[in-house]
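Undergrad: Model the full assembly from the supplied sequences, consistent with the hints where possible.
2 protein chains.
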Amino acid sequence: MLYYLGPRGSHTERAALKFSELMGIETTPADSIYSVFEEVLEGNYGVVPTENSVEGSVNLTLDLLFENQVRILAETSLEIRHSLLGFDEKKIEKVLSHPQALAQCRKFIREHGWEAVATKSTSEAAKIVSELGDPRLAAIASKETGELYGLKVLEEDVQDYPNNKTRFILIGPEGKSLSQQLGPPVKTSLFIELENVPGSLYRALGIFAKRGINLTRIESRPSRIDLGYYVFYLDFEGLPDGDLFLELESYAKFIKPLGSYPVF
Amino acid sequence: MLYYLGPRGSHTERAALKFSELMGIETTPADSIYSVFEEVLEGNYGVVPTENSVEGSVNLTLDLLFENQVRILAETSLEIRHSLLGFDEKKIEKVLSHPQALAQCRKFIREHGWEAVATKSTSEAAKIVSELGDPRLAAIASKETGELYGLKVLEEDVQDYPNNKTRFILIGPEGKSLSQQLGPPVKTSLFIELENVPGSLYRALGIFAKRGINLTRIESRPSRIDLGYYVFYLDFEGLPDGDLFLELESYAKFIKPLGSYPVF
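Taken in sequence, the protein lines are chains A and B.
Just so we're aligned: the first sequence equals residues 12 to 275 in the working numbering.
Just so we're aligned: the second sequence equals residues 12 to 275 in the working numbering.
Calculated directly from the structure, the hints in this document are not laboratory data.
What you are looking at is a predicted structure, and each value in this text was computed from that prediction instead of being measured.
Just to be clear, a hint being listed does not mean it is correct.
A pair holds if it fits inside one copy or across any two, identical chains being indistinguishable in the list.
Cross-link-like lysine to aspartate or glutamate pairs, in silico, EDC-like; alpha carbons within 20 Å at most [what the hints assert, rightly or not]:
1. Lys163 - Glu49
2. Lys118 - Asp237
3. Lys198 - Asp252
4. Lys118 - Glu50
5. Lys176 - Asp237
TA: Structure follows, in structure tokens:
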């Protein structure tokens with residue numbers, strides 16, 4: 012079974028359907044990114060958002076990738092177009108949506124003087140607004156989600172920046188591979204914790220630079236020891252050669268490879 | 012006037028009081044990080060959280076530092092101890108707090124099966140719970156905030172990790188310096204946008220490495236052009252020598268210095 016951050020109609024469902032068609036398995040919504048990881052640890056597959064082009068990393072996804080024995084099996088990205096959904100734009104006082112979507116429409120919400128209220132997902136926001144039927148409430152989600160929950164599309168394309176895309180990853184439990192490859196692996200991800208000395212990141216990046224490897228993403232997450240201690244999440248193009256991880260290990264306190272995988 | 016992310020009783024107020032005593036000016040709460048920046052652009056000073064040792068960067072603060080003509084004038088950090096505040100632990104269904112605090116107590120909230128509800132600040136959560144007086148609600152905030160709003164301390168130290176600290180920065184409008192220096196500058200911050208080619212970050216970090224400069228923080232924020240394009244926020248120890256920014260500029264598409272400042 013393939014679990015995704017639901018409820019039905021979420022952006023993640025669209026990404027999950029791309030994977031499930033290729034894999035020939037069924038999809039089920041889960042109520043949080045946490046729950047998706049729990050299902051994966053039980054032996055299932057999962058789809059979660061990992062990064063948005065405007066708001067940046069989904070911290071919870073990165074932290075759970077770090078904490079759990081899971082692997083990235085594939086990646087896809089989708090264009091995200093947000094609509095304002097509700098009953099009557101003039102009566103709106105509060106706008107509900109997922110914190111990432113609220114952040115992607117920050118200027119739009121502020122210009123109208125509405126209060127932003129966080130929900131677990133964009134589709135949950137639409138569901139709540141639909142169930143409460145209160146014209147003072149509106150949701151930010153996709154047009155399709157609005158139709159699914161019987162809400163009026165009050166305004167389209169309300170995201171602050173036109174190029175709004177989100178990356179989603181397909182994850183599985185460590186040690187379990189897909190019954191069929193979805194495509195040739197073209198990207199590799201890992202976590203690395205470095206010694207806390209001047210130049211340690213520079214030296215680690217040198218290992219990639221001398222191989223001509225293109226690092227496409229670097230994110231720091233707190234290592235939770237204290238302020239100033241970080242774990243780095245890295246994405247790079249291609250596959251690691253035989254020595255890359257060995258050489259990294261000589262500079263690192265800790266390395267956690269997350270897999271090499273295809274991108275759709 | 013010194014504006015801080017309020018309401019009264021917030022963690023940011025504690026940081027603001029440290030600065031205001033040194034500066035000899037009065038403090039006023041503002042209702043969002045946005046509002047603090049607006050007051051600073053009007054010629055006031057502001058205090059906002061910038062990073063937590065468990066949950067990481069405060070994205071909104073970084074993004075507003077990038078977008079606005081403001082400078083960092085000083086930094087301080089505080090230990091953050093969260094308490095569960097309310098009426099009766101057995102009746103709790105929903106826990107209210109700022110998203111950062113909810114994330115810092117993620118495991119605690121999940122173990123109890125409560126629903127997490129985001130508010131603008133930890134003290135706003137306490138204020139709402141106090142006003143509604145509903146035992147199904149609880150807030151996560153400091154013990155002192157609980158006392159301020161007449162709530163019972165149901166449990167202390169509910170943060171998931173013991174070493175929970177937050178960094179706060181004092182900001183002012185560009186071009187306006189403090190009437191008296193608060194202390195010798197020991198840290199420098201900047202934003203840098205690099206060419207999107209393999210090795211560009213490595214080469215930029217080399218400029219710091221060859222000077223023996225200790226980079227203490229590196230954060231990537233999306234540049235909002237598309238997925239895969241980033242702006243880096245950097246902190247380093249000490250002051251830039253005369254050539255540092257010049258040399259960085261030869262690698263960068265864009266540099267925005269945020270100031271050199273004391274740390275308390």
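Undergrad: Tell me the numbers of any earlier hints that the structure contravenes, in ascending order.
TA: 1
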